[in-house]
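Which chain is which? The protein sequence lines are L and V, in order. Every letter in the first sequence is one number past the one before it in the working numbering, and letter 47, counting from 1, is 47. Every letter in the second sequence is one number past the one before it in the working numbering, and letter 321, counting from 1, is 321.
In case anyone wonders, no lab produced these hints; they're calculated from the structure. For each residue, glycine too, the CB sits at the ideal point set by N, CA and C. Treat the hints with care, since some could be wrong.
As the list claims (entries may be wrong) - Coverage of chain L stretches by chain V, computed from C-beta distances (three or more under 8 Å per stretch; other residues unrestricted): (1) 4 to 15; (2) 56 to 70.
Claimed, not checked - Think about it this way: if two alpha-carbon atoms lie no more than 25 Å apart in a straight line, the pair counts; the simulated PhoX-like pairs of lysine-lysine are: (3) V:Lys283 to L:Lys10; (4) V:Lys370 to V:Lys341; (5) V:Lys285 to L:Lys46; (6) V:Lys554 to L:Lys57; (7) V:Lys557 to V:Lys464; (8) V:Lys153 to V:Lys126.
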Amino acid sequence: MKDNINITIKLFAQYRDDRFKVEQRVCACGIRAKDIMDDLGISEHKLPLGVLLVNSKHEKEEYELQDGDVISLFPKVGGG
Amino acid sequence: MSDKIYRVDMSNLTYKIEDVPADWMGLGGRGLTSTIIAAEVDPECHPLGPNNKMVFAPGLLSGTTAANSGRNSLGTKSPLTGGIKESNVGGTIAGVMAKLGVKALIIEGIPEDDSTFYHVHVTKEKVLIEAVPELVGKNNYFVLDAMEEKYNKKVAVMTIGRPGEMKMLISNISVRDPKGKLRSHGRGGVGAVMGSKKIKCITVDAQNYKEVTYAQPDKFKEASKVFTKALQDNPISGEGLPAFGTNVLINIINEAGGLPSHNFRSGHSENAEEICGETMAEKIKERGGSTTHGCHAGCVIQCSQTYNDKDGNYLTSGFEYEMIWAFGANFGIKDLDQIAKIDALMDDLGVDAIETGVTFGVAVDAEIIKFGDGVEAYRILAEEIANGTPLGRVIGGGAGNLGKLYGLVRVPVVKNQSIPAYEPRAIKGQGITYVTTPMGADHTAGYAVATNILNSGGFVDPLKKDGQVELSRNLQIASAAVDSTGMCIFVAFPALDDPKCLPALIDMINARFGISLDGDDVTNLGSTILKIEHAFNLKAGLGSADDRVPEFMKYEKLPPHDAIWDFTNEEIDEFWNF
Ligand code: SF4
Numbered sequence: 001m002k003d004n005i006n007i008t009i010k011l012f013a014q015y016r017d018d019r020f021k022v023e024q025r026v027c028a029c030g031i032r033a034k035d036i037m038d039d040l041g042i043s044e045h046k047l048p049l050g051v052l053l054v055n056s057k058h059e060k061e062e063y064e065l066q067d068g069d070v071i072s073l074f075p076k077v078g079g080g
Numbered sequence: 001m002s003d004k005i006y007r008v009d010m011s012n013l014t015y016k017i018e019d020v021p022a023d024w025m026g027l028g029g030r031g032l033t034s035t036i037i038a039a040e041v042d043p044e045c046h047p048l049g050p051n052n053k054m055v056f057a058p059g060l061l062s063g064t065t066a067a068n069s070g071r072n073s074l075g076t077k078s079p080l081t082g083g084i085k086e087s088n089v090g091g092t093i094a095g096v097m098a099k100l101g102v103k104a105l106i107i108e109g110i111p112e113d114d115s116t117f118y119h120v121h122v123t124k125e126k127v128l129i130e131a132v133p134e135l136v137g138k139n140n141y142f143v144l145d146a147m148e149e150k151y152n153k154k155v156a157v158m159t160i161g162r163p164g165e166m167k168m169l170i171s172n173i174s175v176r177d178p179k180g181k182l183r184s185h186g187r188g189g190v191g192a193v194m195g196s197k198k199i200k201c202i203t204v205d206a207q208n209y210k211e212v213t214y215a216q217p218d219k220f221k222e223a224s225k226v227f228t229k230a231l232q233d234n235p236i237s238g239e240g241l242p243a244f245g246t247n248v249l250i251n252i253i254n255e256a257g258g259l260p261s262h263n264f265r266s267g268h269s270e271n272a273e274e275i276c277g278e279t280m281a282e283k284i285k286e287r288g289g290s291t292t293h294g295c296h297a298g299c300v301i302q303c304s305q306t307y308n309d310k311d312g313n314y315l316t317s318g319f320e321y322e323m324i325w326a327f328g329a330n331f332g333i334k335d336l337d338q339i340a341k342i343d344a345l346m347d348d349l350g351v352d353a354i355e356t357g358v359t360f361g362v363a364v365d366a367e368i369i370k371f372g373d374g375v376e377a378y379r380i381l382a383e384e385i386a387n388g389t390p391l392g393r394v395i396g397g398g399a400g401n402l403g404k405l406y407g408l409v410r411v412p413v414v415k416n417q418s419i420p421a422y423e424p425r426a427i428k429g430q431g432i433t434y435v436t437t438p439m440g441a442d443h444t445a446g447y448a449v450a451t452n453i454l455n456s457g458g459f460v461d462p463l464k465k466d467g468q469v470e471l472s473r474n475l476q477i478a479s480a481a482v483d484s485t486g487m488c489i490f491v492a493f494p495a496l497d498d499p500k501c502l503p504a505l506i507d508m509i510n511a512r513f514g515i516s517l518d519g520d521d522v523t524n525l526g527s528t529i530l531k532i533e534h535a536f537n538l539k540a541g542l543g544s545a546d547d548r549v550p551e552f553m554k555y556e557k558l559p560p561h562d563a564i565w566d567f568t569n570e571e572i573d574e575f576w577n578f
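Chain L extracted, bound-state conformation (with noise of 0.2 Å):
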C-alpha cells in the first residue's frame, strides 16, 4: 500500500508573497486541504481563504487529498 501521494501546490494574488508560485510536495495519505494551508499559514494570515479549487473544482477545506491532485489556493478576489 502506498502511504504517501504527490500533489502540486498553487498560490495565487497575495498568497505568493513570501511564499511560491508553484510547487510539488510528497504529503501523507489522508492529508487535507485545510493542514496545507495550516502549514502555509494562510489560516491565520489576514487575507483569509477565499476560493479553493482541487483539479479545477470548487471544494471545501476538509478535502482529503489524492495522488495527483492539484490544490489551488486564492484569496478573495473579484474583477469584471
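Using the hints provided, position chain V with the ligand relative to the given structure of chain L.
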C-alpha cells in the same frame, strides 16, 4: 433649480430645454435611459436611421460626494444586437452633467447635410451645435486635445474615432477621465449610432455648474461614510482590485476551467501566467507605473492603473481583464506589452475591447490572421480598420458578421454580440445572464461569476444547472437598479457580502432627494427596468429563440471539464417568469 431634459434634434440642428415629466422624476441612469428609449423609439426602427435616439443620463447619485457614483448611462437601440442597449461608463461626464442639472441629454434625428460632422456643446443655458470639418477623420486623443484647448482641462468630453464615423459595429463612444485618458461607453456598436447622427463629439461645460444639493445633508453624510467604509473593508474592493486590477481574474477563471481560449475551444489557456494580474502588477512595480487609478473622481476602489513599457514610458491605462483575456487567451498574444500597445491604439480609435478581440479570435478560424500574431493584429487595427478598407470593414462588423461571411460555425455571440471572458459552458450562471439579458452577451448585466466562481454572495456550483436561473435573475434585477444609481458595478462585491452596504446606498438616495425608498422599492425598480427592456426587444423582433447560446456549445465539449451547454429552452425561458 430643478433638473432639465436637454433635447437636441440633429435633423435641423436645434435644441430644447424641457421640464422633466413627473414619471421620469425619480429615475436616473439606466432606469431613465431605458424608459425614454422604450417611450420614444420605435423598436422596429433602423438603429442607424433617423428614428433611433441616444439618451445620456447620469445616475441618481452622480455629482454627489458618494464614493464610486460617477457612472453615466447611455441608452439607444443597438445596431449590433437590434435590441435595446444600456452602456455605462466612468470618466468625468456623469458628475458634470448632474451638477449642471442635466437629467438627460436626448439626441434625435440625422442632419440633412451629411457632408460633415458636428460638435455638440452643452451649457446650463444652451446647446451649441457646430460643424467641425477640422475634426473629421481624427481619432479620440486628437479630439480631446482640441477640446481642452478650446475650453479647459475640466470640460467633459464624449467622442468617436474614425471607426465610429464609419459606423462600424465594433465602435464605442469614448469618454474623458480625470487624468485626460479614455474610458468607453462600450458594447453594441454605440459609436456607430453617434456616427449615424453625424456627431463627432459632445462636450459639457464644467465651469459654470453648481454643486448638487441634498434634501438631508447630514443624513447623506452619515450614510455616505458607512457606504465608503463598506467598500474599503471588503477584501475585493478594498484590497484585491486596487492591488491587481480586474486582471486578477485571469488566473482564477483559468484555474476553474472557464477562461475561453483559442476562440472558445478550451476553458484553459497556456498563456495565463504571462498575462495574469500578478505578472502585470510585478511589471507595473518594476517599471514605475501605478496599480491604482480611478476612472472618475470619488472612486475609492481604483481598479484602473497606469502601465508603462520596459523603459518606463507610458503605454496604456485602464488595462482591463476583458481586454487582456480577449487578446491574450482567446486570440493568443503572450506578450503583455504587445497587448498594452493594442489597448492604447484601440482607445484612440474608440473600438470595443471585447467585440474586437473576439472578432480577432474568429478571424483566426477564417484564416485572416495567425493565432497570437499581435503585430499583425496591430497593423490591421492601425491600417485596415482605421482607414475603413474592405478588410477593416469585415473585422469592424464584429464577430457574428465575420462568422457569417466566412461560413463559420464556432462563432461565440448571443444576439450577435460577442461573448465576454467567462465560458458559459463552464460557468453556467453567467451563461444564463448572456442569453437572457436584453443587452446581448454582456457580463456586467448579472455577474454570476461572483457566486459561481468567486464565493461572493454564497456559492452556486458553476458546472451544474441547479439554481442558475434564479441566481442570474436576482443579479440582473439588482444590477439594473445599481446601474440607475450611477454606482460602478464593483460595488456589487461588498453589496453581496456586507449587510451594511445596500441599506447605506438606499439611505444616500433617500437623503439626496428627501424620499423614503426601501429595499423592496429598489428591487421593484430593477424588475421594472428589465421588463421594459425585454418588452422593447420583443417588439423589435428578438424573442425567446434569441435567448440562446450559439449551437456549437451544445455539442462541442469544453476542456478541461468537458462541459457542454445543457439547459433546455423551457429552463431558460423560465427566467422571465417574475
Ligand atoms: S472601481 Fe474601477 S471601474 Fe469602478 S469607478 Fe473605480 S476605477 Fe472606475
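To see whether the hints hold, each was checked on the structure:
1. Interface restraint, the segment 4 to 15 of chain L with chain V: holds (4 residues with C-beta to C-beta distance below 8 Å; minimum three).
2. Residues of the segment 56 to 70 of chain L lying with their CB closer than 8 Å to a CB of chain V number 3, which satisfies the three-residue condition for coverage.
3. A hinted pair counts as satisfied when its Cα atoms are at most 25 Å apart, and V:Lys283 with L:Lys10 qualifies at roughly 21 Å.
4. Between V:Lys370 and V:Lys341 the CA atoms are separated by roughly 18 Å; this keeps the pair inside 25 Å, and the hint holds.
5. Annotation: proposed proximity of V:Lys285 to L:Lys46 holds, straight-line Cα distance about 22 Å (limit 25 Å).
6. For the proposed pair V:Lys554 and L:Lys57, the alpha carbon gap of about 21 Å is at most 25 Å, so the pair holds.
7. Between V:Lys557 and V:Lys464, the direct Cα distance comes to roughly 15 Å. Compliance with the 25 Å bound is thereby established for this hinted pair.
8. A threshold of 25 Å between alpha carbons decides the hint, and for V:Lys153 with V:Lys126 the separation of about 21 Å falls inside it, so the pair holds.
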